[in-house]
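Enquirer: The listed protein sequences correspond, in order, to chains A and B.
The opening position of the first sequence corresponds to residue 556 in the working numbering, with each subsequent residue numbered one higher.
The opening position of the second sequence corresponds to residue 556 in the working numbering, with each subsequent residue numbered one higher.
These are calculated hints, taken from the structure and not from any lab test.
Incorrect hints may have been included.
Because identical chains cannot be distinguished in the list, a pair is counted as satisfied if it fits within a single copy or across any two copies.
Claimed, not checked - Quick list of in silico lysine-lysine cross-link-like pairs, DSS-like style, CA-CA up to 30 Å:
1) Lys609 with Lys749
2) Lys590 with Lys609
3) Lys743 with Lys622
4) Lys748 with Lys590
5) Lys589 with Lys602
6) Lys743 with Lys589
7) Lys622 with Lys749
8) Lys748 with Lys589
9) Lys622 with Lys748
10) Lys609 with Lys589
11) Lys748 with Lys602
12) Lys622 with Lys590
13) Lys602 with Lys743
14) Lys602 with Lys749
15) Lys589 with Lys749
2 protein chains.
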Amino acid sequence: MECPNFIRFFTSNLDVQESDVSDLLNQCERLTIKKNYVLLNQGEFSKHTFFVEKGLLRQFALNENGKEHILSFAPENWLVTDRDSAYFNQPSIYSIQALEDSLVVLIDQSFIDKLTQLVPGFTAYNNRLLHNHIRHLQDRIGLLLSATAEERYLNFVQMYPDVLMRVPQTMVASYLGITPESLSRVRKEIAHKKSE
Amino acid sequence: MECPNFIRFFTSNLDVQESDVSDLLNQCERLTIKKNYVLLNQGEFSKHTFFVEKGLLRQFALNENGKEHILSFAPENWLVTDRDSAYFNQPSIYSIQALEDSLVVLIDQSFIDKLTQLVPGFTAYNNRLLHNHIRHLQDRIGLLLSATAEERYLNFVQMYPDVLMRVPQTMVASYLGITPESLSRVRKEIAHKKSE
């Protein structure tokens, strides 16, 4: 199973040889999974971070009233993990599921440790990724608190340009915190503006 | 200006001597500020993280339509920073303002570097703080997407037990993403349940 995205993800961001990443990759578990396969169930434990080489995952939770919300989509080149489980030894808050047939690389702490030893700049890079993730989550909170349905939708299109065509519209609505009817209305309004 | 909270924040979480933290503290700027003082204006630049020794801050943004939302409150022992400005050289997304007369310690990169050199476990600790912050923001997104006004309120009370009495109810409502009327109704319902 070739993983060119995985190798490029690290070589394009870090001062590391392709052969070194390739060696590390060979020590990682890789999973070819079918659409709807659940990599992690809410309440289970996993120490892995999943890198999406090919396909599409979603991270979602059901609350006590059975209402589902989608925390994130993860298309190619995205990383996804449940932090409660991976870093705080608690049952996972989220389920992680394939929305398409996918190829996933499982990253664990030993991979991180080896990369840290190999690449002097890795700790700083990882830190930057974490700060950037915080920034992104803060933006999303801002959108949920004070943006219109249209603004949320346009932000989504910018962040996940191709996901929109790959998932049911009900999931996009769930991610945005709007009803499927609002989403449909917003899309029509935008199409109408473009055609004017 | 004594800063016992600041010193305890580090000595209770890291293997570091009080005298060492005290030395580092003496190299930090400390600000005594009045209620309503703005430490950082949206659009400005600041490389600082603010530690609240005494008092209470809020971090908030106005969107293009003039709608305000509150990202966080920061009472004693909390850290607050604008990540776009501090880590990504972009204009700040948020304003940071005092809601009470406050004493604030300004932390900069040189403080972090010195602490990293002094305390071998600091990098891992800081990493854990970042992951925990991500967890907290994800929880908040989950609450905004699928929790009732009552659930959001109860979560707020748990996280900020004393802030509730220190800020106007309109700000609590703004943080929760509900109307002041909903907040008032929820509080009455909870008081009613308790008195039964």
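Enquirer: Which earlier hints turn out false for this structure, listed by number in ascending order?
Expert: 1, 4, 6, 8, 11, 13, 14 and 15
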